[in-house]
Amino acid sequence: MPQTVRIYHNPRCSKSRSACAILQEKGIEAEVVEYLKTPPDRETLRTLLARLGLPAHAIVRTGEAVFKAEYQGREMSEEDWIEAMIAHPILIERPIVVVGERAVVARPPERVLELL
Numbered sequence: 002m003p004q005t006v007r008i009y010h011n012p013r014c015s016k017s018r019s020a021c022a023i024l025q026e027k028g029i030e031a032e033v034v035e036y037l038k039t040p041p042d043r044e045t046l047r048t049l050l051a052r053l054g055l056p057a058h059a060i061v062r063t064g065e066a067v068f069k070a071e072y073q074g075r076e077m078s079e080e081d082w083i084e085a086m087i088a089h090p091i092l093i094e095r096p097i098v099v100v101g102e103r104a105v106v107a108r109p110p111e112r113v114l115e116l117l
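First residue of the sequence shown: 2, per my numbering; consecutive thereafter.
Be careful, since some hints might not be right.
[Unchecked claim] Derived lysine to aspartate or glutamate pairs resembling EDC-like cross-links, with alpha carbons at most 16 Å apart: (1) K16 / E94; (2) K38 / E115; (3) K27 / E115; (4) K16 / E111; (5) K27 / E111; (6) K16 / E35.
Bear in mind the hints are in silico, worked out from the structure with no lab data behind them.
Using the sequences provided together with the hints, build the complete structure.
Given below as structure tokens:
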């Protein structure tokens with residue numbers, strides 16, 4: 002039984018669209034989660050981070066206006082970063098691709114191939 006492939010996707014992001022295209026080219030029908038419309042909750046974020054093997058601050062988009070306005074230069078705990086991403090899902094790096102117990106931030110998009 003093939004494992005489900007899930008992609009946390011922003012259709013406005015070229016890297017995210019490219020990762021989806023790679024999955025399609027491989028004939029993989031992924032479960033697409035438009036995380037700006039349906040943001041991950043605390044438990045989902047923790048699970049994603051565990052599968053990525055990364056601390057929360059490593060998947061924060063530091064170029065976003067909300068980061069610069071509210072978080073830049075602040076000392077924040079793991080829990081603080083998770084709260085920030087729940088409050089402002091735009092801060093979550095994209096795309097994140099999950100297969101089984103493993104995940105990657107698909108930047109560059111070809112990183113998705115590491116999971117296939």
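Right, here's what the structure says about each hint:
1. K16 / E94: 11 Å, holds
2. K38 / E115: Given that 16 Å is the threshold and the Cα spacing comes to 27 Å, the pair is violated.
3. K27 / E115: Measuring from Cα to Cα gives roughly 13 Å; hence the hint holds.
4. K16 / E111: 9 Å, holds
5. K27 / E111: 12 Å, holds
6. K16 / E35: 14 Å, holds
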